[in-house]
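**Q** If you read the protein sequences in the order shown, they are chains A and B. For what it's worth, this note's numbering labels the leading residue of the first sequence as 8, then goes sequentially. For what it's worth, this note's numbering labels the leading residue of the second sequence as 23, then goes sequentially.
Some hints could be false.
In silico lysine to any residue, SDA-like type, Cα no more than 20 Å apart, as pairs [what the hints assert, rightly or not]:
{"id": "1", "chain 1": "A", "residue 1": "Lys77", "chain 2": "B", "residue 2": "Thr303"}
{"id": "2", "chain 1": "B", "residue 1": "Lys260", "chain 2": "B", "residue 2": "Thr190"}
{"id": "3", "chain 1": "A", "residue 1": "Lys314", "chain 2": "B", "residue 2": "Asp297"}
Computed Cβ-Cβ distance ranges for the label pairs, DEER-style [as the list claims (entries may be wrong)]:
{"id": "4", "chain 1": "A", "residue 1": "Lys50", "chain 2": "B", "residue 2": "Lys237", "range": "54 to 62 Å"}
{"id": "5", "chain 1": "B", "residue 1": "Lys189", "chain 2": "A", "residue 2": "Lys57", "range": "53 to 61 Å"}
{"id": "6", "chain 1": "A", "residue 1": "Asp249", "chain 2": "B", "residue 2": "Lys175", "range": "50 to 58 Å"}
{"id": "7", "chain 1": "B", "residue 1": "Gly304", "chain 2": "A", "residue 2": "Pro250", "range": "42 to 50 Å"}
{"id": "8", "chain 1": "A", "residue 1": "Glu306", "chain 2": "B", "residue 2": "Lys175", "range": "51 to 59 Å"}
{"id": "9", "chain 1": "A", "residue 1": "Cys136", "chain 2": "B", "residue 2": "Ala68", "range": "39 to 47 Å"}
{"id": "10", "chain 1": "A", "residue 1": "Lys154", "chain 2": "B", "residue 2": "Lys237", "range": "51 to 59 Å"}
{"id": "11", "chain 1": "B", "residue 1": "Asp93", "chain 2": "A", "residue 2": "Cys292", "range": "24 to 32 Å"}
{"id": "12", "chain 1": "B", "residue 1": "Asn183", "chain 2": "A", "residue 2": "Asn44", "range": "49 to 57 Å"}
{"id": "13", "chain 1": "B", "residue 1": "Asn122", "chain 2": "A", "residue 2": "Val283", "range": "46 to 54 Å"}
{"id": "14", "chain 1": "B", "residue 1": "Ala115", "chain 2": "A", "residue 2": "Cys136", "range": "48 to 56 Å"}
{"id": "15", "chain 1": "A", "residue 1": "Lys84", "chain 2": "B", "residue 2": "Ala68", "range": "56 to 64 Å"}
{"id": "16", "chain 1": "B", "residue 1": "Asn122", "chain 2": "A", "residue 2": "Lys239", "range": "23 to 31 Å"}
{"id": "17", "chain 1": "A", "residue 1": "Ile298", "chain 2": "B", "residue 2": "Gly304", "range": "17 to 25 Å"}
Everything labelled a hint here was simulated from the structure, so no lab data went into it. Since the structure is predicted, the reported quantities are computational estimates derived from the model, not experimental observations. C-beta: ideal position from N, C-alpha, C; glycine also.
In case you want the letters, here they are:
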Amino acid sequence: MKNCYLGVDIGSISTKGVIIDEDNNVITSSYIWTEGNPVHAVKKLLNILKEKLPNNYQLKGIGTTGSARKLIGLMLKANIVKNEITAHAIGTLNFYPNIRTILEIGGQDSKIILIKNGIITNYAMNTLCAAGTGSFLSSQAKRLGVKVEEFGDYALKSKNPVKIAARCTVFAESDLVHKAGVGYLKEDIIAGLCKSVVLNYLNNIGKGKKIIGPIIFQGGVSKNKGVVKYFKEVLKEDIIVDPNGHLMGAIGIAILAKRNKTGHNYSLEINNLKFVTKAFECNKCPNVCEILKIYRNDELVDSWGSKCGKY
Amino acid sequence: MTKVGIPRSLFYYYYGPLWQDFFDGLKIPYVVSPNTNQEIVNNGLALANDEMCLSLKNYLGHIDYLKDKCDLILIPRISNFKKNNQTCSNFWAIYDIVKNLFPIKLLHYNIDLDKKDTLKKGLYKIGKELNKNKWQIKKAYKYAIIKEKKRVKKNHIISLNKLKSTKTKVLIVGHPYNIYDEMIGKDILKYLNKNNVELIYSDKFNPQITAPLSKKISKDLYFKYSKENLGSIVYSAKNINGIIFISSFPCAPDSIANELAMRKIDIPYLNLVIDDSSSFTGLETRLESFLDMLGGKLND
Chain A
8 MKNCYLGVDI GSISTKGVII DEDNNVITSS YIWTEGNPVH AVKKLLNILK EKLPNNYQLK
68 GIGTTGSARK LIGLMLKANI VKNEITAHAI GTLNFYPNIR TILEIGGQDS KIILIKNGII
128 TNYAMNTLCA AGTGSFLSSQ AKRLGVKVEE FGDYALKSKN PVKIAARCTV FAESDLVHKA
188 GVGYLKEDII AGLCKSVVLN YLNNIGKGKK IIGPIIFQGG VSKNKGVVKY FKEVLKEDII
248 VDPNGHLMGA IGIAILAKRN KTGHNYSLEI NNLKFVTKAF ECNKCPNVCE ILKIYRNDEL
308 VDSWGSKCGK Y
Chain B
23 MTKVGIPRSL FYYYYGPLWQ DFFDGLKIPY VVSPNTNQEI VNNGLALAND EMCLSLKNYL
83 GHIDYLKDKC DLILIPRISN FKKNNQTCSN FWAIYDIVKN LFPIKLLHYN IDLDKKDTLK
143 KGLYKIGKEL NKNKWQIKKA YKYAIIKEKK RVKKNHIISL NKLKSTKTKV LIVGHPYNIY
203 DEMIGKDILK YLNKNNVELI YSDKFNPQIT APLSKKISKD LYFKYSKENL GSIVYSAKNI
263 NGIIFISSFP CAPDSIANEL AMRKIDIPYL NLVIDDSSSF TGLETRLESF LDMLGGKLND
C-alpha cells in the first residue's frame with residue numbers, strides 16, 4: 008500500500024480536488040461546479056476521485072482550502088484547514104520554484120502574491136469590491152449570449168478592442184450596453200471586457216506592487232486566452248499559464264496535509280454522511296449575532312458566529 | 023445635578039480619559055455610552071447619510087443611545103493644531119450635524135490653534151458652563167493634564183518594550199476610534215492576540231516623537247492624525263515584522279496615508295478596510311495568510 012493525500016479547494020464557483028503521492032505527484036484530480044452547495048459538490052467530487060484512484064493507495068491526510076474550507080474541513084475531518092493564499096503559493100512553488108509573481112483571478116476574488124527566494128514577501132487581495140473577477144465575466148457572457156468558455160477565442164479575433172470602464176462592474180455594464188447599442192462587433196466588445204479585467208486588476212490589486220517575472224497566472228479566469236493576451240501586452244512580460252493552474256490551491260493544501268503529520272487513515276466513502284447547517288439569530292444582547300450550528304450525523308460538531316463566545 | 027454624556031466613539035479615543043479625569047476633578051457626574059454593538063450601528067446607519075464613514079455613523083448611534091440618559095452631551099469641534107496639522111473635516115462638522123439631528127443640549131468647545139482656541143481654553147469654557155468657579159476649574163484641569171501626560175509617557179514606554187519582544191511583532195496602524203471599536207477593529211485584535219502575535223499600536227507612541235518622522239514618507243501631508251500614523255511606522259520600522267493598517271470605509275485621510283505607506287515602506291503590509299457589512303470570514307482569510315507569510319511557514 009502506498010500513501011496518498013487529498014486536497015480539496017472549495018471556491019465560490021468551482022470545487023477542485025486532487026490526490027497526490029509522497030513525492031507531490033498528482034495521481035488524480037477533478038474539477039466540478041460548486042453550484043451554491045459545497046457539501047453536495049464535495050460529495051460528488053469524492054465519488055469521482057474514488058473511482059479514479061488506483062486500489063493500491065491508502066489516504067493518509069486531508070486538507071481543505073477556499074471559501075468553504077472550514078465547513079468542509081469539519082465534514083471531512085481534515086487534518087489541515089488553510090486559507091487559499093498560502094495554499095496557492097505552496098502549490099505553485101512546488102512546480103515553479105523560481106516564480107516571483109502569482110496573479111490569480113477566481114470567481115469572486117482576485118489576489119496577487121509576490122515571492123522572493125521561495126518566500127512570500129507581500130500579497131494583496133480584493134477587499135470591498137469584486138469587480139473584474141470571474142463572476143463579472145460570466146454575467147456579461149450571459150448578456151451577450153456567448154459561452155464564457157468561448158470568450159478567449161472571440162477576444163483573440165478582435166483587432167480593435169472597445170474601451171470599457173475598468174473600475175466598477177455596474178459602470179462597465181452600462182458602458183457595455185452603450186457600446187452594443189451603437190453597433191460594435193461582438194468580438195471587439197469581448198476583447199474590451201478582457202482588457203478591462205486586466206486594467207482593473209492592475210489598478211486595484213496590483214497598485215503599488217512591483218510585478219517582476221517570471222509571472223504565473225492562475226484561477227478560473229486564466230483559462231481565458233484574451234485576458235492572458237492583455238496581461239502580456241500591459242505588463243510587457245511573458246505570462247506562464249499552467250494547464251493545472253486551476254488545481255494549484257488543491258495541490259498546495261494536499262502538500263500541507265502531507266507535511267502536517269497529524270493525519271491518519273481516511274476513507275473516501277462519505278455518501279451516507281448526514282451533514283447539516285442550522286442558522287438562527289441569538290437575541291440575548293443587542294449584537295444579534297447570526298449563529299451557525301453544524302451537525303454531523305445529527306451530532307453538534309461546531310457552532311460559529313457568536314461575538315461573545317457563548318456558542 | 024447636570025449629568026454629562028460622553029459618546030464612546032471618535033474623540034473619546036483621544037480625549038476620553040482626560041475628560042473623565044476633568045469631570046472627576048470638578049465632581050460632575052457623567053455617563054459613557056457602552057461599547058459599540060449592532061444596535062448602535064443600526065441606529066447610526068438610520069440617522070447617517072451615505073457619504074459618512076462607518077466611524078461617523080457609529081458616532082451618531084452613540085448619541086442616539088445617550089440622548090435620554092443625560093442632560094448634556096459633550097461634543098467638541100476639533101479643527102486644527104496649527105498650520106499643516108488639520109483633522110478630518112468630519113471632526114469640524116460633527117457638532118453641527120448632531121445639533122441639527124437631535125433636539126438635545128450639547129456641551130461644546132473648539133480646538134482651533136490657528137485662532138488660539140486651545141484645549142485649556144476649551145475645558146475652562148466647559149467648566150464655566152457647568153457653574154464651577156475659576157479655582158475649581160484650574161484644579162481639575164491641572165489634575166487631568168498631569169494624569170494625561172503620565173499616560174502618554176507610560177504608553178510610550180510600554181510600546182518601546184513591546185518592540186523588544188521575541189514574538190512576531192505587528193504594528194497596528196489606524197485611528198484609535200477604529201482600532202479599538204468593538205464593531206470595527208476589535209475582532210482583528212482578538213484574532214491576532216489568539217495567534218500569539220505581539221501587537222504594537224500606532225497611537226500608543228508619544229505623538230510628539232512620531233509625528234515629525236512622517237516627513238520621511240511625505241512632506242506635504244497635512245492631516246495631524248495621518249502624520250502620527252505614518253510617523254509611528256517610520257519610528258518602529260526596524261523592529262517590526264509586519265504592518266496592518268485598519269481603516270473604516272470610506273475614510274479620506276486614510277486613503278492617502280495608506281497609499282503612501284504601502285508604496286514607501288518595505289515591510290509586509292496588509293490593508294483592511296472595514297464596512298458595516300464586512301463579515302469576519304473574509305478578514306480571517308487575509309489575516310491568516312498574512313500571519314503565514316510573516317511566520318515563513320511556507321519554506322519548511
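**Q** Holds or violated: are the alpha carbons of Lys77(A) and Thr303(B) at most 20 Å from each other?
**A** Distance of about 10 Å is within 20 Å: holds.
**Q** State, for the Cβ atoms of Glu306(A) and Lys175(B), whether the hinted interval 51 to 59 Å holds or is violated.
**A** holds, 55 Å
**Q** Does Lys314(A) pair with Asp297(B) here, judged by a C-alpha cut-off of 20 Å?
**A** holds, 17 Å
**Q** That 48 to 56 Å hint for Ala115(B) and Cys136(A) (C-beta), does it hold up?
**A** Roughly 27 Å apart at Cβ, these two residues miss the hinted range, so it is violated.
**Q** Evaluate the given range 54 to 62 Å for the C-beta pair formed by Lys50(A) and Lys237(B).
**A** The hint (54 to 62 Å, Cβ to Cβ) holds, given that Lys50(A) and Lys237(B) are roughly 60 Å apart.
**Q** Quick one: are Lys189(B) and Lys57(A) within 53 to 61 Å, going by C-beta?
**A** violated, 44 Å
**Q** Does the Cβ distance between Lys84(A) and Ala68(B) fall inside 56 to 64 Å?
**A** Given about 45 Å between the Cβ atoms, the range is violated.
**Q** For the hint 17 to 25 Å, verify it against the beta carbon of Ile298(A) and that of Gly304(B).
**A** Since the Cβ atoms of Ile298(A) and Gly304(B) sit about 19 Å apart, the hinted range of 17 to 25 Å holds.
**Q** Holds or violated: Lys260(B) with Thr190(B), Cα cutoff 20 Å?
**A** At roughly 13 Å apart (the allowed maximum being 20 Å), Thr190(B) and Lys260(B) satisfy the hint.
**Q** Could one say that the CB atoms of Asn122(B) and Val283(A) fall in the range 46 to 54 Å?
**A** Given a distance of about 50 Å, which is inside 46 to 54 Å, the answer is holds.
**Q** Okay, Asn122(B) versus Lys239(A) on CB: inside 23 to 31 Å?
**A** violated, 55 Å
**Q** Could you see if the CB distance from Asn183(B) to Asn44(A) stays within 49 to 57 Å?
**A** holds, 51 Å
Violated hints, listed in ascending order, are 5, 7, 9, 14, 15, 16; each of the other numbered hints is respected by the structure.
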